[in-house]
Structures are given as structure tokens and as C-alpha cells.
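Participant: Here's the letter readout for the chains.
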Amino acid sequence: GNSVTQMEGPVTLSEEAFLTINCTYTATGYPSLFWYVQYPGEGLQLLLKATKADDKGSNKGFEATYRKETTSFHLEKGSVQVSDSAVYFCALTIPSGGGADGLTFGKGTHLIIQP
Amino acid sequence: DTEVTQTPKHLVMGMTNKKSLKCEQHMGHRAMYWYKQKAKKPPELMFVYSYEKLSINESVPSRFSPECPNSSLLNLHLHALQPEDSALYLCASSQESSGSSYEQYFGPGTRLTVT
Chain A
99 GNSVTQMEGP
109 VTLSEEAFLT
119 INCTYTATGY
129 PSLFWYVQYP
139 GEGLQLLLKA
149 TKADDKGSNK
159 GFEATYRKET
169 TSFHLEKGSV
179 QVSDSAVYFC
189 ALTIPSGGGA
199 DGLTFGKGTH
209 LIIQP
Chain B
2 DTEVTQTPKH
12 LVMGMTNKKS
22 LKCEQHMGHR
32 AMYWYKQKAK
42 KPPELMFVYS
52 YEKLSINESV
62 PSRFSPECPN
72 SSLLNLHLHA
82 LQPEDSALYL
92 CASSQESSGS
102 SYEQYFGPGT
112 RLTVT
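If you're matching them up, the sequences are chains A and B in order.
Take the first sequence: its letter number 88 is residue 186 in the numbering used here, and every next letter is one higher.
Take the second sequence: its letter number 44 is residue 45 in the numbering used here, and every next letter is one higher.
Just a few of them, taken from the derived set where beta-carbon distance is under 10 Å, the chain A residues facing chain B: (1) V102; (2) T149; (3) A189; (4) F203.
Footprint (simulated), chain A over chain B, 3 or more residues, beta carbon under 8 Å: (5) 40 to 46; (6) 50 to 59.
Keep in mind the hints are simulated off the structure, nothing from the lab.
Nothing here was measured: the structure is a model prediction, and the numbers come from that model.
Think of the CB as a built atom: it goes at the ideal place given N, C-alpha and C, for glycine as much as any other residue.
Given only the sequences and the hints, what does the whole structure look like? Please build it.
Facilitator: See the structure below:
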């Protein structure tokens with residue numbers, strides 16, 4: 099089956115620090131990869147995506163590169179802000195002609211940024 | 002516009018009540034999803050509708066009954082719930098077409114409390 103493994107945290111950083119959240123996956127097909135962010139009391143927001151090897155997804159200063167050889171999709175940001183404090187989920191789905199499928203999520207990483 | 006709306010935002014119900022959760026999207030997406038999310042956990046897939054037909058039911062108890070009246074609307078009918086069903090219920094939608102990456106867009110969720 100499919101699975102996603104990510105560091106669970108909490109991860110606590112100071113403002114302006116460099117962020118890396120590791121994510122690795124196993125998949126039965128060729129997955130699309132995603133990072134979602136969830137702020138307290140809210141739904142999930144799509145942060146970025148990548149659909150094929152070596153694609154780099156980016157948004158709001160966050161980046162992640164689809165590495166097929168290491169089955170990884172690590173999230174990075176050069177300088178975090180207090181407003182980045184949230185839970186981050188790495189996820190995948192297998193696009194196919196067979197129809198829509200649910201997302202497979204990692205367990206989530208709680209990020210806390212201190213001023 | 003990538004908005005998925007959900008009503009109500011909060012719901013408190015007794016174990017003998019019948020209630021419904023509603024979800025709406027106007028992005029022309031033909032796949033819609035219900036997820037259940039417990040505190041500090043990732044979302045768990047419950048149901049998938051593809052072109053208004055139920056395509057995936059993840060062995061959800063019959064006290065949860067989904068309905069897709071048209072391509073923009075998704076309901077979740079609740080009856081005789083248990084306290085352990087208290088959770089955040091998330092709706093999502095995605096395109097379903099060849100070449101799509103199937104990224105899902107989530108609503109803000111309904112916070113359900115069963116007393």
C-alpha cells in the first residue's frame with residue numbers, strides 16, 4: 099500500500115531560522131506529492147505540490163523537491179515567521195484513469211515559531 | 002476561486018438526534034470527499050464521490066450516510082452517533098480528469114460534538 103512518513107515534532111524554532119521538515123513515502127504507483135498546512139481551528143490549505151520527479155513546488159517562501167531516487171519530498175523555508183506556526187502534513191495520491199482516490203497523509207508536524 | 006464551504010461550523014448533537022453536514026464547491030470539480038479528523042491526528046478518508054456516484058466507502062458505520070445531490074453539493078447525514086464520533090469533519094474536492102494531479106481543496110470543516 100501507500101504510506102507517508104514525516105517527523106512529528108513539535109518542532110520549535112526561533113523567528114528567521116531555517117526550516118526543514120522531512121517527508122518520505124512509499125507508493126504502489128507514480129504519486130503526486132503535496133504539502134498541506136493547518137492553522138488552529140481551521141481546515142487544510144494546500145501549500146504546494148509536485149507531480150513528477152525533480153519538480154519543485156513553491157509557495158509563500160516554502161519549497162519542496164520531488165526526489166524519486168530517495169522517495170522524499172522535504173519541506174524547506176529559508177526564514178520562518180511566527181505566522182508560520184501551524185501543523186504541516188505531507189500527503190500523496192496516485193493519479194490514475196481509475197478515478198479519484200483519497201489522500202494518504204503523514205502524521206503531521208507541529209511547528210512552533212518563537213519570536 | 003478555490004473555495005469549499007461547509008455548514009454548520011459547529012454542531013452539538015445528542016446520541017438520538019438526526020443532523021446533516023453540508024458542503025458546496027463551485028470549481029467544477031467532479032470528485033468530492035469526506036474526511037474525519039480527530040485532535041492531533043491526520044484526516045482519515047470516509048467517502049469519495051466521483052461524478053456524483055459513491056466510489057469509495059472506507060468501511061464507515063451506517064450511522065454516517067453520505068449523499069451527493071448534484072455536482073456541487075455533498076451532504077453527510079448523521080444518525081444515532083456515539084461520543085467517539087466527535088471530531089472535525091472535513092469536505093474536499095478535486096478535479097478528476099486525465100492529466101490532473103488530483104490535488105484536493107478542503108473546506109474549513111464542521112466541529113462536531115456528540116453528547
